[in-house]
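Engineer: Single-letter residue listing:
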Amino acid sequence: MSPNPRVLIAIPAHNEEASIQRVVDRVRKTLPDFELLVINDGSRDATGTILDNLGVATATHLCNLGYGRAIQTAIKYALKRNHDILVTLDADGQHHPEQVRDLFDESLNGNWDVLIGSRYIKTRNYTKSPFGRRIGMQLFSLLVKLVAGQRIYDTSSGLKVMKRSVFESLAYWHFVDFHAEAIVYLMRLGYRIGEYPITAAEREHGQSMYSILSHLKYPLKTSMMMLLGLIDANLRRRRINNERNRVRP
Amino acid sequence: MSEIGLGLSLINEASALLPLRAILVLNLLGLLFLLGVLNLVRHGRLYVGYGVIFVAAILGTMITLSVPQLLLGVTHMVGAIFPASALTLLALCFIVLMLLYVLTQLTIVSNRLTVVVQELAIERAKENFANQKTASDNSLDISER
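Top to bottom, those sequences are chains A and B.
Position in the first sequence counted from 1, then plus 1, gives you my numbering.
Position in the second sequence counted from 1, then plus 50, gives you my numbering.
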């Protein structure tokens, strides 16, 4: 990687008119040397108009494709524009852009392929989370440990820093929301994934992208993709090893 | 209980006890179907949400088939008298396979639409970025002059 890597900050946004301006302003103020891209994922409120007025680079989905596909758009954009590092950040104002610099520095110094901004790595418990989320977080954290051999405490964090080699691997893999299923897939491919403590504020405006129905569907879809990701990663590793053996005299 | 009622009850209980051979064959079919569905999801040809529903339905059916008491309970619950005939089973298989085919096609079209929407968004973002850069370069030139 070059000494001055090209960094893209990607913010997926869906109906975030109340918070998007503040988030963009804070990112511009604290991280002026990073390129910023907002993915407007089919918002039906004034998010698009606000982004136009802000003059920020915006990738507008003509219809709502969901969080995972919004991240995939950011990945494809980063690949086309030759970025070395991709940082993802939530648009609801829960993440503090001021913490991104530390996370970014740690990812370079620690040579992490993926560094997750973690709300739980410090306390290592989920007592402050609502009951439903606590169960989900514990379940997926343990499943990742069981399947990939490493505990990740915050599998659903939207604040991540990843290297180009990582997002190249994910560009055409159909992950659900880039949570536990993608973490397992990447770990099994041999990437180094770590967590770095961050603090997150509560959502101030708007509503979560997860409806009541998706609370039921999400764990099932993620579990299934974890299993398939495991198979895919193992097959891919085997294919790479076979190719290497074939090349050797 | 009347004689007819007793007769029906005996038919029900006898029919619920599927022979071991039938259980094995049906479970084998279920397993093949399960692997097929997982493979389609893995290759992105079946949306994972549909995949979850299929997997749950297949596993549920396999468990019901394998536990005679459960099958008997289901037969009683839905008021069935005779076990599903081979013809009904074939018709059901046809419907499920057609459903799988339609959902696969739907997923493929949906994936193509996703790619189109993403590519359009990326092209517009690139134009957006280029315009911003030109505007900022122009303003820089004016200030330098």
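It cannot be assumed that every hint is accurate.
Calculated Cβ distances over 10 Å to all of chain B for the following chain A residues [unchecked claim]:
#, residue
1, Pro-33
2, Phe-35
3, Ala-60
4, His-62
5, Leu-66
6, His-97
7, Gln-139
8, Lys-222
9, Asn-242
10, Asn-246
Derived coverage of chain B by chain A (criterion: at least 3 residues anywhere in the stretch with Cβ under 8 Å from a Cβ of chain A; other residues may be distant) [said to hold, decoys possible]:
#, stretch
11, 98-104
12, 112-121
13, 172-180
Which residues of chain A face chain B? A partial, calculated answer using Cβ under 7 Å [stated by the list, open to error]:
#, residue
14, Arg-23
15, Ala-58
16, Thr-61
17, Arg-70
18, Thr-74
19, His-175
20, Leu-217
21, Leu-221
22, Leu-229
23, Leu-231
Hint data in this document are derived by calculation from the structure and do not stem from the laboratory.
Backbone N, C-alpha and C define an ideal beta-carbon position, used for all residues, glycine too.
Engineer: Now, for every hint given, state plainly whether the structure supports it.
Structural biologist: Hint-by-hint comparison with the structure:
1. Pro-33: 13 Å, holds
2. Phe-35: 13 Å, holds
3. Ala-60: Violated, because the least Cβ-Cβ distance between A:Ala-60 and chain B comes to about 4 Å, which does not exceed 10 Å.
4. His-62: The assertion about A:His-62 is violated, with a minimum of 5 Å to chain B.
5. Leu-66: Check fails; 6 Å does not lie beyond 10 Å.
6. His-97: 25 Å, holds
7. Gln-139: The claim stands: A:Gln-139 keeps its Cβ more than 10 Å from every Cβ of chain B (closest is about 21 Å).
8. Lys-222: 5 Å, violated
9. Asn-242: Consistent with the label, A:Asn-242 stays out of reach of chain B, its closest Cβ about 20 Å off (over 10 Å).
10. Asn-246: 25 Å, holds
11. 98-104: Check passed, 4 qualifying residues.
12. 112-121: Check failed, 0 qualifying residues.
13. 172-180: Holds, because 6 residues of the stretch 172-180 of chain B bring their Cβ atoms closer than 8 Å to Cβ atoms of chain A.
14. Arg-23: Not OK, violated: A:Arg-23 not within 7 Å of chain B, min 20 Å.
15. Ala-58: 4 Å, holds
16. Thr-61: 5 Å, holds
17. Arg-70: Check passed: Cβ of A:Arg-70 comes within 6 Å of chain B, closer than 7 Å.
18. Thr-74: Holds - the Cβ of A:Thr-74 comes within 7 Å of chain B, reaching about 5 Å at its closest.
19. His-175: 5 Å, holds
20. Leu-217: 10 Å, violated
21. Leu-221: 4 Å, holds
22. Leu-229: 5 Å, holds
23. Leu-231: Since the shortest Cβ distance to chain B is 11 Å, the answer is violated.
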